[in-house]
Structure formats: C-alpha cells, structure tokens
Amino acid sequence: MFIKWLNIIHTSNISFDITFKDDFIPILGTEQVSQLKGSTKIRAVLAYHAALIELMAINSLLSFKLLILDTPKQHEIHNDDLNNYIIELKTYVKNMIYKLFSQLLSIVILVILMI
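Positions 1 to 115 (the numbering used here) are the ones given, in order, by the sequence shown.
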C-alpha cells in the first residue's frame, strides 16, 4: 500500500525496496524517511499516513472522528500531485460529513470529520 501511495503523489528519488524497522518504521532502500529532504520527505510522509488510513479502512478500524494531516512546505509539492492524493484519500473515508482544506502560513491541513 505504501508504494501505491508513493506513486499516487508522484514520489521520485527514493528506493521502492521498502522494509520496515520494528514492523512500523519504513526504510526506503537504505534511507529512513527522516533522512529524506524537501518534497521527497513530505511525499513519503503523506504516502505513509495514507497507507495507514487505507489499511484501517480495509479492516474497518476507522473509528476516529477527526484527522489532521499537517504538511509543512506544501508549496514544494505540485498542486496536481496533492490533488490526486486528496481525491484518492477521500475514497477510503466514505462517511465524511465535512471537509476542510486550508492553506495557512505554508501549511496545508486536511480535517476530516467522520460519522
């Protein structure tokens, strides 16, 4: 799922040979997400979060009422890529009653309230 989301948001310059440290922390080839820079790091973090959300949705574990994804420096991500990400993410959160997409001081916040 992580690779699928990396592709949705057009992440490049990383290895798709992904392993996990402690069954949770992704290692992309030889790099941890914390070692990535710029939009590549932001895309990897967004993809990882989306993969976790998708996994919870598939297993009917989406019990939270509020989700905030904070993306500093979102200006480093092309609008089309971010739009593709949001559109795909919406397919896993079918019971949305309210969506707020806000750009404030170079931060994109996605707030999803679910029933």
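Hints listed in this document are in silico derivations from the structure and should not be mistaken for laboratory results. In this text the structure is predicted, and so the values were computed from the model without any measurement. Incorrect hints may appear among the rest.
[Claimed, not checked] Quick list of the computed label-pair ranges, beta carbon to beta carbon:
1) L61 - K37: 30 to 40 angstroms
2) D80 - K21: 26 to 36 angstroms
3) K90 - N59: 17 to 27 angstroms
4) G29 - S60: 14 to 24 angstroms
5) L61 - G38: 15 to 25 angstroms
6) A57 - D23: 18 to 28 angstroms
7) D22 - D80: 33 to 43 angstroms
8) N59 - G38: 25 to 35 angstroms
9) T30 - K90: 28 to 38 angstroms
10) G38 - F16: 10 to 20 angstroms
11) G29 - M1: 15 to 25 angstroms
12) N79 - D23: 26 to 36 angstroms
[What the hints assert, rightly or not] Heads up, simulated DSS-like pairs for lysine-lysine below, C-alpha to C-alpha not over 25 angstroms straight-line:
13) K90 - K41
14) K4 - K90
15) K41 - K4
16) K21 - K37
17) K21 - K41
18) K37 - K4
19) K21 - K4
Just so you know, even glycine gets a beta-carbon here, dropped at the ideal spot from N, CA and C.
Evaluated hints:
1. For L61 and K37, the hinted distance range of 30 to 40 angstroms is satisfied, since their beta carbons lie about 33 angstroms from each other.
2. In this structure the supplied range 26 to 36 angstroms holds for D80 paired with K21, their Cβ-Cβ distance being about 32 angstroms.
3. Between K90 and N59 the beta carbons are some 19 angstroms apart, a value that agrees with the proposed interval 17 to 27 angstroms.
4. Between G29 and S60 the Cβ separation comes to about 33 angstroms, which falls outside the hinted range of 14 to 24 angstroms.
5. As the Cβ distance of L61 to G38 is approximately 32 angstroms, the hint placing it in 15 to 25 angstroms is violated.
6. A beta carbon spacing of about 20 angstroms between A57 and D23 agrees with the range 18 to 28 angstroms that was offered as a hint.
7. Between D22 and D80 the beta carbon distance is about 35 angstroms. The supplied range of 33 to 43 angstroms therefore holds.
8. Range check, N59 to G38: about 33 angstroms between beta-carbon atoms, so the 25 to 35 angstroms window is met.
9. A hinted range of 28 to 38 angstroms holds for the C-beta pair T30 and K90, which are about 34 angstroms apart.
10. Our hint of 10 to 20 angstroms for G38 and F16 holds, since their Cβ atoms are close to 18 angstroms apart.
11. Against the hinted window of 15 to 25 angstroms, the Cβ-Cβ separation of G29 and M1 comes to about 18 angstroms, which satisfies the hint.
12. The hint said 26 to 36 angstroms for the Cβ distance between N79 and D23, and at roughly 35 angstroms that hint holds.
13. In summary, the hint linking K90 to K41 is supported, as the alpha carbons are separated by about 22 angstroms, within the 25 angstroms threshold.
14. For the hint linking K4 to K90, the alpha-carbon distance of about 15 angstroms falls within 25 angstroms, and the restraint holds.
15. Note on K41 and K4: the hinted pairing holds, with a Cα-Cα distance of about 16 angstroms set against a maximum of 25 angstroms.
16. Restraint check: the Cα-Cα separation between K21 and K37 comes to about 20 angstroms, which is no more than 25 angstroms; the hinted pair holds.
17. Our distance criterion of 25 angstroms between C-alpha atoms is met by K21 and K41, whose separation comes to about 18 angstroms.
18. Among the hinted pairs, K37 with K4 is consistent with the structure: their alpha-carbon atoms are about 20 angstroms apart, no more than 25 angstroms.
19. Taken as a hint, the K21 and K4 pair is honoured in the structure, with Cα atoms around 20 angstroms apart against an allowance of 25 angstroms.
In summary, the numbered hints that this structure violates are 4 and 5.
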